[in-house]
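Kindly generate the complete structure, drawing on both the sequences and the hints.
4 protein chains.
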Amino acid sequence: MIRIGIVGGTGYTGVELLRILALHPECVISVVTSRSDAGKRVDELYPNLRGFVDGVFVEPSANALAGCDLVFFATPNGTAMRMAEALLAQGVKVIDLSADFRLKDPAVWAHWYGESHVSPHLLQEAVYGLPEVNRALIRSARLIACPGCYPTSVQLALLPLVESGAIRLDRIIADVKSGVSGAGRKAEIPMLMSETGESLKAYSVKGHRHWPEIRQGLEQAAGQTVGLTFVPHLIPMIRGIHATVYAELNAGYGDLQALFEERYRGEPFVDILPPGSHPDTRNVRGVNRCQIAVHRPLEGNTVVILSVIDNLVKGAAGQAVQNMNLMFGVEETVGLRSVGLYP
Amino acid sequence: MIRIGIVGGTGYTGVELLRILALHPECVISVVTSRSDAGKRVDELYPNLRGFVDGVFVEPSANALAGCDLVFFATPNGTAMRMAEALLAQGVKVIDLSADFRLKDPAVWAHWYGESHVSPHLLQEAVYGLPEVNRALIRSARLIACPGCYPTSVQLALLPLVESGAIRLDRIIADVKSGVSGAGRKAEIPMLMSETGESLKAYSVKGHRHWPEIRQGLEQAAGQTVGLTFVPHLIPMIRGIHATVYAELNAGYGDLQALFEERYRGEPFVDILPPGSHPDTRNVRGVNRCQIAVHRPLEGNTVVILSVIDNLVKGAAGQAVQNMNLMFGVEETVGLRSVGLYP
Amino acid sequence: MIRIGIVGGTGYTGVELLRILALHPECVISVVTSRSDAGKRVDELYPNLRGFVDGVFVEPSANALAGCDLVFFATPNGTAMRMAEALLAQGVKVIDLSADFRLKDPAVWAHWYGESHVSPHLLQEAVYGLPEVNRALIRSARLIACPGCYPTSVQLALLPLVESGAIRLDRIIADVKSGVSGAGRKAEIPMLMSETGESLKAYSVKGHRHWPEIRQGLEQAAGQTVGLTFVPHLIPMIRGIHATVYAELNAGYGDLQALFEERYRGEPFVDILPPGSHPDTRNVRGVNRCQIAVHRPLEGNTVVILSVIDNLVKGAAGQAVQNMNLMFGVEETVGLRSVGLYP
Amino acid sequence: MIRIGIVGGTGYTGVELLRILALHPECVISVVTSRSDAGKRVDELYPNLRGFVDGVFVEPSANALAGCDLVFFATPNGTAMRMAEALLAQGVKVIDLSADFRLKDPAVWAHWYGESHVSPHLLQEAVYGLPEVNRALIRSARLIACPGCYPTSVQLALLPLVESGAIRLDRIIADVKSGVSGAGRKAEIPMLMSETGESLKAYSVKGHRHWPEIRQGLEQAAGQTVGLTFVPHLIPMIRGIHATVYAELNAGYGDLQALFEERYRGEPFVDILPPGSHPDTRNVRGVNRCQIAVHRPLEGNTVVILSVIDNLVKGAAGQAVQNMNLMFGVEETVGLRSVGLYP
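Residue numbers (the UniProt record's numbering), protein chains in the order written: chain Z, 1 to 343; chain A, 1 to 343; chain D, 1 to 343; chain P, 1 to 343.
Check each hint, because a few of them may be wrong.
Unchecked claim - Here are the simulated SDA-like cross-link-like pairs (lysine to any residue), alpha carbons at most 20 angstroms apart as the crow flies:
(1) P/186 with P/204
(2) Z/206 with P/254
(3) D/104 with D/132
(4) A/206 with D/300
(5) Z/40 with D/190
(6) D/206 with A/298
(7) A/93 with A/1
(8) D/40 with P/275
(9) D/206 with A/206
(10) A/206 with D/275
(11) D/186 with Z/188
(12) Z/40 with A/255
(13) Z/206 with P/204
(14) P/206 with Z/206
(15) Z/206 with P/257
(16) D/206 with A/93
To be verified - Covered by chain P, per the in silico footprint, the following chain A stretches (three or more residues, Cβ under 8 angstroms):
(17) 163-175
(18) 192-204
Treat the hints as calculated values from the structure; they're not laboratory data.
In this text, a Cβ means the ideal position worked out from N, Cα and C, and glycines have one as well.
Below is the structure:
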């Protein structure tokens with residue numbers, strides 16, 4: 001049994017980890033930390049976990065976590081980069097769900113996250129935990145940078161096209177829509193139901209932190225620079241991301257449907273829908289799955305890819321557990337086979 | 001393996017049965033019928049089932065269902081009472097999720113459902129599938145009448161009080177709130193999102209079909225007549241029922257919290273919350289569970305019971321599978337242990 | 001023109017006052033205060049007001065408000081009772097939308113609001129601003145206590161029955177459902193969309209501050225003590241209150257529909273629906289109106305009254321403007337004639 | 001007083017016309033037709049109109065409408081083109097809110113609407129009712145083709161750029177999000193709240209009927225062909241459209257903010273937000289207004305325009321009344337000055 005520690009167990013990615021891991025047959029939840037709710041029963045705060053998760057939140061500390069085989073960081077940015085090194089030194093593996101280890105270049109990280117990186121050498125060691133790209137590296141990694149929710153949906157939508165050279169790389173547009181849980185469990189007026197219900201808005205159009213992450217991934221896949229416009233939108237629903245990605249096709253791009261089906265053949269958590277489909281975010285709600293449809297409107301030379309995930313599952317906690325399974329030699333789908341609620 | 005047939009697989013209770021049974025280790029889905037979508041792939045209509053349910057919808061017929069061990073009816077009222085007898089005669093067990101077998105008195109049934117009952121003798125044989133009341137009978141039943149969603153939430157809220165004589169029986173009030181999926185998957189203007197979103201209303205205040213069903217259950221528990229006012233409300237959310245039940249306490253009613261905990265001790269799917277709790281419907285969304293809290297406002301002599309279920313799970317398909325497990329000697333919780341999504 | 005000051009212009013009742021008063025032909029908005037946003041343009045915070053409300057928020061102070069004819073307090077409880085006296089002394093009239101002047105008994109006020117009242121003598125002077133009860137007193141008042149949202153919906157539902165003696169007064173039940181805007185514009189985790197969307201819960205079942213206010217109003221109407229159970233619920237929508245009120249009819253109660261129509265004949269903002277109606281909260285969204293339907297389920301002796309308002313309009317800012325019109329001799333409906341959005 | 005007829009008064013654009021016209025001081029609603037609800041009181045179907053709209057729905061017929069000065073068609077496509085000519089011949093002016101007269105080329109119309117146009121000569125006469133483009137023509141028109149909701153939001157977003165030559169015209173992308181009321185009041189399963197709530201999807205990516213309408217408008221503004229990709233999305237909210245429009249800037253494009261402010265200076269219903277703004281659809285809900293913000297992400301050469309309207313107001317009924325005011329010499333804003341509800 002893998003002994004698990006979760007740092008930051010009271011946020012939405014933390015409780016989603018608890019939900020998934022509570023029924024995972026190969027692991028035991030040893031420690032769940034929370035600065036704000038230490039001493040409180042986990043199932044008092046989250047009654048959905050009654051009967052599934054026992055025990056109380058504890059203060060985060062290296063001591064408390066030392067006996068774990070694996071620690072997940074479900075914390076705000078800036079925490080994992082301060083604690084990971086000590087854990088790794090004790091032989092504890094680390095999966096970080098925050099942004100601390102996602103970018104390779106410390107200068108770029110510092111620009112977008114507003115402070116110098118505390119452990120820049122770990123930026124190099126960290127494996128970007130997108131199994132559809134880095135499965136082999138993940139198996140042997142000590143430290144995983146779990147991808148952001150937007151970057152997961154956009155990269156999975158673009159990888160077949162970028163890797164195959166089917167599209168022009170200088171003017172890709174990703175118009176992405178997210179449910180409100182992506183903003184986390186923080187007491188902020190703009191995320192009240194009265195503020196976000198029955199309304200829709202774009203945000204961070206000037207530049208969003210997931211832009212350099214997406215670009216880094218695409219440029220690695222392409223082996224060259226990529227021009228990307230990325231506009232996130234806040235949608236009046238709780239879970240789900242829908243990426244609508246636009247690109248210009250190069251001559252001789254071939255059969256797009258076959259290209260996508262081929263690229264993701266055998267992938268347990270990427271599902272290419274039949275031609276003409278329009279994926280609904282609800283069909284992946286609560287499950288570790290990306291559903292994708294490829295379109296060429298009016299038979300022109302613009303390709304439109306529609307890609308949906310649950311931001312808290314394939315966009316966070318589910319993907320983290322997928323990484324865990326790979327790191328510990330567990331079959332990749334264990335604990336992650338579930339069917340989305342409909343309706 | 002239990003060979004399963006589902007009649008009416010395209011409605012919300014039908015697809016919810018598919019979702020649960022797809023991962024149930026002791027059964028195999030043999031036949032799924034649909035009059036409207038015969039010939040279509042199940043996962044074309046319901047992309048959440050891709051990779052989990054194979055095959056196509058077939059026309060409903062006795063032949064198609066004859067090879068099954070168990071047939072679920074997830075049909076509108078009036079279908080099961082016309083088909084059940086033939087199946088039972090062939091040794092096929094039946095669980096009806098519609099209202100066809102819920103009432104014992106054919107005259108009462110005819111009054112509320114607007115036609116004469118076709119198989120009145122089966123009304124007597126049918127076991128009302130509320131395991132918290134009829135567990136032993138269910139184990140040996142051929143024909144189960146699965147309780148309605150409102151009746152499940154209200155009866156579980158009242159049974160400890162009614163059985164113990166703690167409350168006056170002549171003036172019970174059940175104010176119940178339901179998500180819109182309770183109305184089913186039917187093309188009706190009043191259930192459009194534009195009509196039901198961002199609004200709230202009561203309906204059927206003059207009298208609702210679940211009223212005689214609830215009263216029948218309470219009177220059986222009490223051994224005497226019961227006076228009940230029942231008002232259902234339509235809430236702008238998809239899943240979930242919240243019953244708020246009011247009754248007047250008799251002298252010497254004792255410790256209410258203990259009464260409820262005692263009554264449901266060992267019940268795998270009824271969860272009495274700690275004193276002072278207010279259950280959220282979301283905490284049981286997608287799971288086969290009823291969470292209950294007991295209150296006595298301002299220390300007066302009115303008891304208020306708060307009871308939440310998912311109308312499609314403990315109020316329909318989940319409860320049906322719980323019945324199936326009992327009927328076929330499978331451990332009662334198999335296929336039904338899951339954790340509600342939060343948020 | 002009536003010169004208006006608004007204290008606390010950044011909360012939901014404050015901005016709703018701005019919305020209504022911006023188009024009111026008999027008044028001019030002179031001062032809008034906000035501690036948190038002083039110096040900021042009003043229409044920067046609230047872009048719906050662009051072109052309708054000019055100017056900036058100012059720090060609240062007696063000086064800033066001295067030149068007004070009327071000051072509205074759209075503040076948290078505890079502010080108006082500290083500032084009203086000075087304003088009244090300068091001849092400024094006051095309408096308080098908070099709870100500071102709603103209860104007559106200082107001891108009851110202190111019990112429910114957790115501190116001693118600062119201006120207990122004003123509790124006696126303040127007129128409870130329910131025009132359907134106190135129209136004449138309001139016309140000559142200096143200080144109005146605008147009713148709470150729940151109390152408005154419940155009292156309007158019960159007044160005809162209580163005043164006429166048609167019901168037993170010892171066991172009235174008010175099960176009330178409210179949209180989330182009733183909780184105000186405060187940064188609190190439980191009011192995030194991720195927490196309140198797609199879910200439903202009761203709260204404060206042990207006792208809610210609006211209970212003594214409702215009881216005070218009913219006891220005044222009845223001339224005797226009243227037994228009331230009041231349970232509020234939080235509904236996943238932004239605006240709207242639906243009160244479902246239950247009472248036992250006394251013998252000889254007469255024609256209920258006629259009783260209600262008679263009681264509210266000529267009332268511009270109370271609308272008795274035809275027999276058999278079920279009011280939707282959406283039909284009064286954004287408008288100063290209470291719609292009511294009266295039912296007697298199954299022809300028994302329980303009466304059920306369904307009453308809907310918009311908590312921010314007839315339950316707060318609209319009712320406040322209705323009071324203003326009465327106080328300043330303006331026709332009562334000026335600025336308040338609008339049609340609810342459908343859908 | 002303008003005598004008004006409304007054909008198709010029971011759909012969402014019809015009842016929105018009723019809501020606006022009920023308070024319009026210069027017109028009287030003479031006839032409201034409905035095939036399905038003839039004989040029923042208007043305010044029985046729409047209780048929000050109680051006290052504002054009297055009378056009953058009548059069967060549609062030329063006779064019933066002959067006495068009107070103006071007839072609005074709020075009908076499905078295909079009705080107005082069969083009835084307009086007869087009305088015009090009797091001197092009745094016509095504003096069509098359907099798509100019957102929006103396209104100039106009968107062949108293009110036939111291609112997208114699936115039948116031959118019945119009155120192709122009227123396609124030439126009809127004035128496209130976008131006042132920001134055709135104000136002078138509208139004043140003297142007999143027949144107005146009221147623009148579609150998507151086309152209004154996208155054209156207003158692009159006109160300043162297209163007219164001024166600031167952008168490349170061969171690769172414009174319009175990613176547009178709409179609330180569900182855009183689908184109308186029709187009994188269809190995909191528009192049930194259980195189907196559209198808490199989920200998001202694109203639709204008609206292969207080609208949508210509003211694409212030729214938008215392109216026609218842009219090409220008229222540009223005087224040359226335009227390459228446009230248009231992808232609509234269905235959002236879980238009732239009202240509101242958010243267009244996110246992407247285009248590549250030509251060299252020397254100048255000050256974008258000034259360009260937009262200049263183009264719409266004096267326009268009563270187009271509001272250019274300050275630099276850096278992100279419009280919310282809620283801020284224009286229920287009002288005849290388009291709010292627009294212009295961005296250049298990361299200071300690159302892609303311009304992103306954010307444009308919001310209420311699909312039923314500036315995208316339908318409000319714009320129709322704006323056209324009416326112009327046609328009848330009423331000040332353009334009469335009946336249309338209102339403030340959006342917040343929250």
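How the hints compare with the structure:
1. P/186 with P/204: Holds, at about 18 angstroms.
2. Z/206 with P/254: Measuring from Cα to Cα gives roughly 18 angstroms; hence the hint holds.
3. D/104 with D/132: 19 angstroms, holds
4. A/206 with D/300: 10 angstroms, holds
5. Z/40 with D/190: 17 angstroms, holds
6. D/206 with A/298: 6 angstroms, holds
7. A/93 with A/1: 14 angstroms, holds
8. D/40 with P/275: Holds, at roughly 16 angstroms.
9. D/206 with A/206: 30 angstroms, violated
10. A/206 with D/275: 11 angstroms, holds
11. D/186 with Z/188: 8 angstroms, holds
12. Z/40 with A/255: 26 angstroms, violated
13. Z/206 with P/204: 29 angstroms, violated
14. P/206 with Z/206: 30 angstroms, violated
15. Z/206 with P/257: Judged against 20 angstroms, a Cα distance of about 14 angstroms means the pair holds.
16. D/206 with A/93: 47 angstroms, violated
17. 163-175: Since 0 is below three, the answer is violated.
18. 192-204: holds (count 7)
Hints 9, 12, 13, 14, 16, 17, counting from the list given before, are not met by this structure.
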